[in-house]
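Assemble chains W, H, U, X, S, A and C onto chain R, guided by the hints.
Protein chains: 8
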Amino acid sequence: MTPDYIRQILESVRQGEQDVDSAFEQLKDLPFTDMGFAKIDHHRQLRTGYPEVIFCAGKTIEQSEEIIRLMCDRGSNVLATRVQEALWQRVKDLYPEAEYNRAARTIAIRRNVVPVTSTYISVVTAGTADIPVAEETAVTAELFGNRVERIYDVGVAGIHRLYSRIELIRGGRVIVAVAGMEGALPGVIGGLVDKPVIAVPTSVGYGANFNGLSALLTMLNSCAAGISVVNIDNGFGAGYLASLINKG
Amino acid sequence: MTPDYIRQILESVRQGEQDVDSAFEQLKDLPFTDMGFAKIDHHRQLRTGYPEVIFCAGKTIEQSEEIIRLMCDRGSNVLATRVQEALWQRVKDLYPEAEYNRAARTIAIRRNVVPVTSTYISVVTAGTADIPVAEETAVTAELFGNRVERIYDVGVAGIHRLYSRIELIRGGRVIVAVAGMEGALPGVIGGLVDKPVIAVPTSVGYGANFNGLSALLTMLNSCAAGISVVNIDNGFGAGYLASLINKG
Amino acid sequence: MTPDYIRQILESVRQGEQDVDSAFEQLKDLPFTDMGFAKIDHHRQLRTGYPEVIFCAGKTIEQSEEIIRLMCDRGSNVLATRVQEALWQRVKDLYPEAEYNRAARTIAIRRNVVPVTSTYISVVTAGTADIPVAEETAVTAELFGNRVERIYDVGVAGIHRLYSRIELIRGGRVIVAVAGMEGALPGVIGGLVDKPVIAVPTSVGYGANFNGLSALLTMLNSCAAGISVVNIDNGFGAGYLASLINKG
Amino acid sequence: MTPDYIRQILESVRQGEQDVDSAFEQLKDLPFTDMGFAKIDHHRQLRTGYPEVIFCAGKTIEQSEEIIRLMCDRGSNVLATRVQEALWQRVKDLYPEAEYNRAARTIAIRRNVVPVTSTYISVVTAGTADIPVAEETAVTAELFGNRVERIYDVGVAGIHRLYSRIELIRGGRVIVAVAGMEGALPGVIGGLVDKPVIAVPTSVGYGANFNGLSALLTMLNSCAAGISVVNIDNGFGAGYLASLINKG
Amino acid sequence: MTPDYIRQILESVRQGEQDVDSAFEQLKDLPFTDMGFAKIDHHRQLRTGYPEVIFCAGKTIEQSEEIIRLMCDRGSNVLATRVQEALWQRVKDLYPEAEYNRAARTIAIRRNVVPVTSTYISVVTAGTADIPVAEETAVTAELFGNRVERIYDVGVAGIHRLYSRIELIRGGRVIVAVAGMEGALPGVIGGLVDKPVIAVPTSVGYGANFNGLSALLTMLNSCAAGISVVNIDNGFGAGYLASLINKG
Amino acid sequence: MTPDYIRQILESVRQGEQDVDSAFEQLKDLPFTDMGFAKIDHHRQLRTGYPEVIFCAGKTIEQSEEIIRLMCDRGSNVLATRVQEALWQRVKDLYPEAEYNRAARTIAIRRNVVPVTSTYISVVTAGTADIPVAEETAVTAELFGNRVERIYDVGVAGIHRLYSRIELIRGGRVIVAVAGMEGALPGVIGGLVDKPVIAVPTSVGYGANFNGLSALLTMLNSCAAGISVVNIDNGFGAGYLASLINKG
Amino acid sequence: MTPDYIRQILESVRQGEQDVDSAFEQLKDLPFTDMGFAKIDHHRQLRTGYPEVIFCAGKTIEQSEEIIRLMCDRGSNVLATRVQEALWQRVKDLYPEAEYNRAARTIAIRRNVVPVTSTYISVVTAGTADIPVAEETAVTAELFGNRVERIYDVGVAGIHRLYSRIELIRGGRVIVAVAGMEGALPGVIGGLVDKPVIAVPTSVGYGANFNGLSALLTMLNSCAAGISVVNIDNGFGAGYLASLINKG
Amino acid sequence: MTPDYIRQILESVRQGEQDVDSAFEQLKDLPFTDMGFAKIDHHRQLRTGYPEVIFCAGKTIEQSEEIIRLMCDRGSNVLATRVQEALWQRVKDLYPEAEYNRAARTIAIRRNVVPVTSTYISVVTAGTADIPVAEETAVTAELFGNRVERIYDVGVAGIHRLYSRIELIRGGRVIVAVAGMEGALPGVIGGLVDKPVIAVPTSVGYGANFNGLSALLTMLNSCAAGISVVNIDNGFGAGYLASLINKG
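Protein chains in written order, with the numbering used here: chain R, 633 to 880; chain W, 633 to 880; chain H, 633 to 880; chain U, 633 to 880; chain X, 633 to 880; chain S, 633 to 880; chain A, 633 to 880; chain C, 633 to 880.
These aren't lab readings, by the way, just hints derived from the structure by calculation.
Any given hint could turn out to be false.
To be verified - FRET-style restraints, in silico, Cβ to Cβ:
1) Ser-796(R) x Pro-747(W): 54 to 60 Å
2) Ala-735(H) x Ala-689(A): 35 to 41 Å
3) Gly-880(X) x Glu-731(S): 27 to 33 Å
4) Gly-880(X) x Pro-728(S): 34 to 40 Å
5) Glu-729(C) x Lys-879(S): 40 to 46 Å
6) Thr-760(U) x Glu-643(S): 41 to 47 Å
7) Glu-717(A) x Arg-743(X): 37 to 43 Å
8) Gly-803(H) x Glu-698(R): 27 to 33 Å
9) Glu-729(S) x Gly-880(X): 31 to 37 Å
10) Arg-701(R) x Gly-803(H): 34 to 40 Å
11) Pro-747(U) x Lys-879(S): 41 to 47 Å
12) Ser-750(C) x Arg-743(A): 24 to 30 Å
Computed from a predicted model, the values in this text were never measured in an experiment.
Quick reminder that beta carbons are idealized off the backbone N, C-alpha and C, glycines included.
Isolated chain R (complex conformation) (with noise of 0.2 Å):
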């Protein structure tokens, strides 16, 4: 709702057009949809075709369902992260077109199309146990339109399997790289490219490594500039914040 709007809708009640009382009802709810808080909420998704997205960690499998459905119902396309299998068990009977990460543990419905990107995302994991997280990055970055690079088990402890797959990582105008145990692989990325990096630190690993408090730390600290980190496990954040550069 832009200001022309407002002076529309003013212009319409001098002009007799439009009465007192619905004027009114568009009005009230001025501060939030001229503060675009609608778009944020329910608007922007219908208008871009960008998932709905449902954080099921913390909700029965009935309430998950429900959202969904009704998410469904206003035709928007569909995240939901964080599902347990026996959600994906009768989502699929209600939702043909439904997709299951089991990695990622994501149902994605698509109702609409979305362009996909010329520009693509590159995300990094630095060992096979941080790919969920990763999968969970580029799901939601996916759906929200993007092209994807997937560049899996690159980690430094081998660092010539980072080299091998260097030019791809570069390639993306946004890196999305997570990480477990020491978490150093964004850093070495980071000295390695040009673009902007975002480190996603997980829980991967064991005894001091306090489930990602290692990684994270590590990331944090980077000496490589272009950094900048998302909680521990997020890949969700990470793809959603990607999706937001690459687009951009």
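Relative to the frame of chain R, chains W, H, U, X, S, A and C by itself:
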């Protein structure tokens, strides 16, 4: 060094145009030049007019001065961060064109003109005490050729101050949000805009802020999407990353 | 037991109305009754109709049931917190008037009518996952005779939801703000109201939220004034304190 | 700005009493004035005689002095916290009516008379080293128009000292309990009174007190109900909150 | 083995009463027996009737049973701590005289009579949930031949309960004070008695108690003198130490 | 004040020997005198010749001097801990009999003769840097009338040094073991003796010792029984507790 | 691939023995083979008879089995760590020569004979609960061709046990010392030997051991020289490093 | 002292060649001399030409000077670490042959020639700020008779710098890798070499590096095998251990 270049060398050897020893010399550095590492370190800066950056913390004034001289001799733009007043006293006599930002503790020396972007980076702070970190971000981004808009002291404790500037903030292609104490600003901004938000926790505060840990954790746990975090007080890192995104 | 009461005993001894042994019995408990300790433990609840409270975590179902029976026999209102479903199965047969709040994990048994305050306590949550803690607060406060207004799912990531309810929130004599993850809600509310805000961090979240530490630190470091904090997930404590303020 | 006010504007436009441009001006700020944000920042203080508060830590003496002048020029009562001796030397010459509390490190300048409450706030400390934090609380509350009773050095290691003052403590409408080291005082008081207790951990102590963390955790984990906690050494915050409760 | 014993061996060799080989056998273990190590491991228990102690956590039921058999065969009193119910099912058939303390999770088998001290150890808990740890202390101390007085559920949130038992507590030659959550009990007792106080933090609590860290820090920072602390939940260690002091 | 005393007062009232007002005066302080609190604060020291103790950290030199004067006027022995050199310069002129222990940072003033125990306290350190803390222990214990044996610099990195003194260490009725860095000394001693061991972690070390946390955790987790721990650098607390055990 | 090898390829091209395309194929992997990466990954194991290692934690049984098959097909010796019983049930049927170490949770399959060193590695544990970690070390080192001496349950709480085995421990070319709880063993050994000591903290313990943090900090702060530390419970890492030193 | 030696003493007593008292004197020290403890402290250094080492932190300049004199009088080589400039001013006059390494803060005094190894130790740093710690390592190792190769400023943010020196690094028999901030260097080196890597975290960095904790955790969690870690900034410890491995 492209694969084509390797073929050329081999071809010239085959045709006797080049002997084995000289070809060996070219090929033995292959890993590095093929990967373009040197661009990262020196060539990139010279070519792009980007500044060379000196992190002065932990260096003596003599060491910092010597590095600045060396870089200026190479014709680079130079950015020195975390400088002490005493270093500025020396540098300002050597390079009259040098600019000192006392709040940011930076010295900038421009030798080459970098074209300024039409899009801009919004640099936002929660409080006045966060301004030095924000200025480090702003100075860095400007020297890299970015237009910067400063929106300071709009923390969430008086949230109407934030709203009165939200359109300016939202207009940036990327937003850097700097906050200490509770560190809630980036999360609130993240809920109001559709742009990447780089969150910079500062060590401003006391007691259970644990030198910035409180703000850092808040930012990592933000419910709003599109946010990532750099190290505590790392204004330079945020500026560098914002430039990559704004110019990307 | 007031000083007057001590004088009465002494006077009755002086006048021979009471012998030394019976006076001794009354006085030997003096330290406690004079300090009002017994009010806190037993008498207060009976007199005021306040519930007796049983914290069931760490107790067997048998133990909890036994304490509930004992208290009910004394005619008290009873509040059991952190109850398991299995305890409810037993209690509902014993006391048909018992009320079970599955989300809050509370059982309430009202034996005495407590008059309800005209002023109210606003109980606010950032997300839906914070509702169980908020319900523990609400149930506690209601059983203590407070009117409660529930305003749920108004977290700062979509801050317009908060604004649409701000007048209702602000109308409370005291506000309980419950939030996990980044925990920014109490600070934002604190900047919008002139009422005491009791902040309740929850363990909702993942990764670097460290089981509620993130929200706890955010709340302790809030820039807004008028905020204080209780333990992580301590809905009961917030409800008790809010009642003291609302009825104070 | 009530909904009625919006209707009035629309009505005046409809009736031609007001043109579109002027109505637009009134409506475009709707979100902020409707929410009363400005009251919070400036108007409230002027209207109520409440002091404006300057947190001087992290500001230069010049900056602090300038802000004090500005506020005094607006006729406000002024409270400056965490002031250095040198600031006081300047201010006392400018404003002869200024009061300096060396222990609390506060400067108070009263320009308006604030009526004093009949009820009082009990401010209690465990040790003598906690007094500066308690004085910050007391000075803040007094400047806000509250009667304050100071009960110092009654820590639990010599608990009879606490008992000899318990009636005075209990008489307050709200109690602020300040303690470092083990931080047990608020919990013991909480078991003896039926009033809200605001616990203030201090950084007093050494070794495993970790600059106040020990006292903070003790207070958050108190078994007694009716207690909430503010940041370490946050005497001002406790005073502000106590005033809200005492005058609420 | 005293120095006198070494001289005896040497003398018997000199006098030809003992040959070199047998003397060598006796002396080759000298470092250990001279230092009294064997007393600690085996001899001490046999001589004093002290139990041998088996820490069953981390051992299989088979391993624990085997060690118990071995020790019983040597005629020792036996104390097994942190036992599982299943171990008890086996042991009770083997040794009808075995005693199982379900709360303390201990099995005690008395083969030798240990005289009981006239002085006693006071074992005190703050809450009912602390009783299992306290029982481990009590069982340990009793098996070592100490008289024990149990004073449970006298935490500082209802401090009059503590006072009603203070004379009994104070009568002990040493006091073991067990508390979780805020852990304030030992400090309050330390201010009321002139006896050594062994503080045992427990992991009882939730949220910011961090599995006992809160109580541990409180106890370490106690303002009262005469207090020392053992590991979280270490009831056995407290009982062993209390026995050393009581019988010392 | 014993129960008999209460009966006496009542009897004298009954017999008209005492009026109600004077009896009231005696009885209204009952909680405190009955519990012997005053003994703890003042009377105990005077009666036993025990020193009064002043913790000077956080006090100005003027404040510390004033308290020392006050205590000396009351005829007490005085112990001041954590004193600065400048305080000593003042005190030595006032009280020629005062003794300054520069390492321990203590001032002791003996006004009354305290008989010395025949049994002794072993005070042991791992390194030379731990000596100041150990001296605080030793001075405290000596002023309380204990014989003390000092065994310094016998840390486990050169364990033969420990063995050469083990008989002297073992001869104490209680052992205070002071260690920084890894803090292993108390555990090794605990395995070699049958006496209570009070472990004192010190902040000596660097890096991952985290100001004494490393030594503290080591001591709390010691596998040897009979060990308890006081706060980091708390030499006074260890000395006080050791005295209670040695004289108990 | 040595520099000589590069020259050979160039020479063969020059002499027309090899065409450009085949030379290109060999050279395009140059960065990796020149740096010896392939040795690390694949070639080294085959050449040296070293096992390939599979870390099974976080892999499904199917995944682990598949990798084991693949490696066995390549003729490698194979070491699988952190295996579950169920994996062993599958593998033992496939490879009758496979060896399962239940304590260490390892499966070893020897396809090639690795000569055993004459020097040995001493693997020492403090307690019996540390044996699984130590066995992982021992199995790893043995499969790499090292002689290993196991010295278990010689912790410092009963230090004579350590002395009775010290000559055997000292005889190793390198010592691996495994300890949980207080973690003091490596430091004591470090003071008794002149050999490198690899310290392995284990998560054995409870309470303030914080899952191995206590032992980790103790080992890092050891006063004895010649000690370094690996991650908590990282028996494999210690075995690998010990092998490098023993065979170095 | 071998078992044979014990037999000799016994035999000489049996044959009357030695009386009981003198034999007793020889045997009573048995535990220590048999275990060779004295070698560790003094004899070893004299015999091997190894330096005696003085850790000067926490010692006064007078104390350090006195110890240096004492050691020099015994003819030892001497290494003093963490020395202040003022100590050097004194020592250089006393011992003209003394060598001061300002970066490493060490003083070395060579009295005996130690033969230098043919194999070498690679000492590597990530940045220039890590050099002081690395120099402490290098000076220590050199004084112990090791050849040292210094490879500085080759951190992973510009990884081609590391590659250009990798052959020199790899040539060492053992590698010491020193890094602050993110601490990723040792892990990357560990993936490129087949030699033991000693990782030294430094306190270099700011913000969430928490004085070296970040680098420490990274190194402990390294995915590459063959790495172990010493305390933060512990250059001496790394040098000592590297010498044990290089000369072992």
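Tested hints:
no., hint, in the structure
1, Ser-796(R) x Pro-747(W): 54 to 60 Å, "violated, 36 Å"
2, Ala-735(H) x Ala-689(A): 35 to 41 Å, "holds, 36 Å"
3, Gly-880(X) x Glu-731(S): 27 to 33 Å, "holds, 30 Å"
4, Gly-880(X) x Pro-728(S): 34 to 40 Å, "holds, 39 Å"
5, Glu-729(C) x Lys-879(S): 40 to 46 Å, "violated, 56 Å"
6, Thr-760(U) x Glu-643(S): 41 to 47 Å, "holds, 43 Å"
7, Glu-717(A) x Arg-743(X): 37 to 43 Å, "holds, 38 Å"
8, Gly-803(H) x Glu-698(R): 27 to 33 Å, "holds, 31 Å"
9, Glu-729(S) x Gly-880(X): 31 to 37 Å, "holds, 34 Å"
10, Arg-701(R) x Gly-803(H): 34 to 40 Å, "holds, 35 Å"
11, Pro-747(U) x Lys-879(S): 41 to 47 Å, "violated, 59 Å"
12, Ser-750(C) x Arg-743(A): 24 to 30 Å, "violated, 36 Å"
The structure fails hints 1, 5, 11, 12 (numbered hints given earlier, in ascending order).
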